[in-house]
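Fit chain to chain and form the complex, with the hints in mind.
Below, each chain spelled out in residue letters.
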Amino acid sequence: MRIPNFIVLAGLLALPGLATFANGAELQNERSAVEECGAHSESAMRECLSKRSQQSKRMLEQTEAQAAARLSMWDEDSKYISRAKEKLRTSSKAFEQYRDAQCAFDSSLGGGAIGNALEMRRLGCLIGLNTRRSEQLNSTVAALPAK
Amino acid sequence: MATQAPIKTAFEKWQDGLSKAINDPRWDAYDGEIKTAVSELNQHLKSTSGFRQLDWRLIKAMLWTESGASSSEWHTKPMQIGVPGDPGLASFLSNREGGELILPPKWQGRLTIGTVRTIPSHNIRAGIGYLLMRTAYFEFQSVLASDEKTIHEVTIKHGDSLATIAKAQGCTPEILRKLNPTANVLRPAQILRFQPGSIQRVITRWRPISTDNIAQRYNGGGDPYYAKKLDYAFRLIRS
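Residue numbers (the numbering used here), protein chains in the order written: chain D, 271 to 417; chain U, 276 to 514.
The shape of chain U in the complex, shown without the other chains (with noise of 0.2 Å):
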């Protein structure tokens, strides 16, 4: 008796799909690109506190889930970001959000809208930049000066605090508190220790780059079937 075949479910089509790209060197186009691309950002990253290097199979696998080689996107957009109205990339390139933190000096500038809409390497770079800046946690804290390491000092005037010396000096209160650690209370005439610096955007850690936490912070839930195809194309890559 013929026996009918099982019905496949929809991610099971979406796997079988991908069983053929392993072997379809189309899919492997932009290895180059995403090869360089995290080695420049985990050379860049690799001095903030709890930074683990990033494996560039992982956002292969992304690029396999977001588009693929058989989508006309794969063309200009195979990271997905920058479809028209997205806040994503306006965000990461807003400089006001980290972005600035996470892109290596050499691509401040270089990235802008619109050649993240159209040129691959470029929406690469970004899919991954926004990836690490979701990932990041930010703080906003007192950063000393970096071409600046000589310890100055004030004498306080009649009516000085920590604040207006801060500012004049251009320094912060954190700073100062920290550096007079005894200076509780501010008397005329009293000496100051202080080194130029200025409150900053600073990255403080950083959550785990798992499947799971990349649907959550660059899908946003879009599709439930995310954590589990990057999954599926990260095993089918490392294979």
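Next comes chain D alone, as it looks inside the complex (with noise of 0.2 Å):
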């Protein structure tokens, strides 16, 4: 039995979190990040870093499914919806590689700084960009019209 598409985005909106996620409420940018988690000694703020980090993550990839379930809700022809799913897949990857590499990038630029600042430079850098990401993907399904 197919399972209508807007019962799937009901459930998807559902999900803990990704509701607020939705609306942008829980958006946290690198420099809030870092003020936030600032408030520790350089250590505890590397451990707090990581968990936004992993926060961060998490929400892209709610918001890559959400935005994979509004797509499957896109009042279009199948065929390009099927195109548009693969197109997001495709960018997806490349913005992995592409925020592994800012990031490492990012990291060098604390030269010769001792290991534990170089990670919070990389854990920063994931967090922002991760993010960015989200609300870039947010924007660009919010407005498909539904079927």
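Just so you know, these hints were derived from the structure itself, not from any lab. Warning: the hint list may mix true and false statements.
What the hints assert, rightly or not - Derived pair list, reagent style DSS-like, types lysine-lysine, alpha-carbon separation capped at 30 Å: (1) U/503 to U/283; (2) U/288 to D/327; (3) U/321 to U/283; (4) D/321 to U/321; (5) D/321 to U/283.
Structural data, given as structure tokens:
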């Protein structure tokens, strides 16, 4: 039995964190993450940024799932929907490659600092790029007319 | 009318946490280690050009900023050097980037990747050593052998150059030029003076050891508030 698309989307929006994420309330940029984690010593700050980085990754995964669900709901011929979904997957893979390379570059700008500090730079970068990617995906599919 | 307390920034929260440390003896646990390590390094490096004595309290402020007694890392890596994958510790102990000039001889070979990651006193010494390595300017220069002060002579043969003579006699072309300032053109049977020596890495000068420079050279911008934190901790400790 095929499950209607609007039920799939409603289910996705009901996932913990996703509904609030969808309206941007949970979005956190790199600067605010570093600012908030800065209430700790350097060792605890790294742990804090590591947790925030994992959160941002999960948020992005949820946003990607939500974007795919919105495409399923799109009032368009199925072949164009399939093509858009394929492009979304390609785009997500390319983003991950870019993000990892860019954050390695950002980390390298710590120069010869100790490893803990280099890792904090990398984690801050990951949070920032995951957040921006989530925002971009949300806004890209938000205006698609539903069936 | 009740007034609402202003919301504290993250930096203010960090300050609050540190203010409680000043009367907590756990935060002074490494004072002896820090003093000894800094004193040995000051003694070892005092003859290098432009070196200014390191204040042990600044290192204590770094320990408070890097970990602090409320952190589990305080008991293993209080200076946070040597976390998994840290290229800094490996470069410090490699003896190829200047670490060998920073560490006093009695500590050469005693610090290893394993001990720095697990023994707080070793982590402190590696952290200070790495900071100093990152603060020094290094150059490769001709250095006379310390155990051989005699000036020798060598007779030029056909086809000799300063480079071949230096190689054959265990010195450098720079030493030969310095001891023979008029020998611009070499002729067979000419006598040249030389002293044994080699090209070595040396410390030529130092960056100021300020909180801004520590933030830049040790933390590398990982925490934008690092210098501010260090300033605050240093002020607390001095008071």
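Hint-by-hint comparison with the structure:
Distance restraint check for residue 503 of chain U and residue 283 of chain U: the Cα-Cα separation of roughly 16 Å lies within the 30 Å cut-off, and the hinted pair is therefore satisfied. For the given pair, residue 288 of chain U sits about 27 Å from residue 327 of chain D by alpha-carbon distance, which is consistent with the 30 Å threshold. Using a Cα cut-off of 30 Å, the hinted pair residue 321 of chain U and residue 283 of chain U is violated, with the two alpha carbons roughly 44 Å apart. Straight-line distance between C-alpha atoms of residue 321 of chain D and residue 321 of chain U comes to about 44 Å, which puts the hinted pair past the 30 Å bound.
The hinted pair formed by residue 321 of chain D and residue 283 of chain U meets the criterion: a straight-line CA distance of about 22 Å does not exceed 30 Å.
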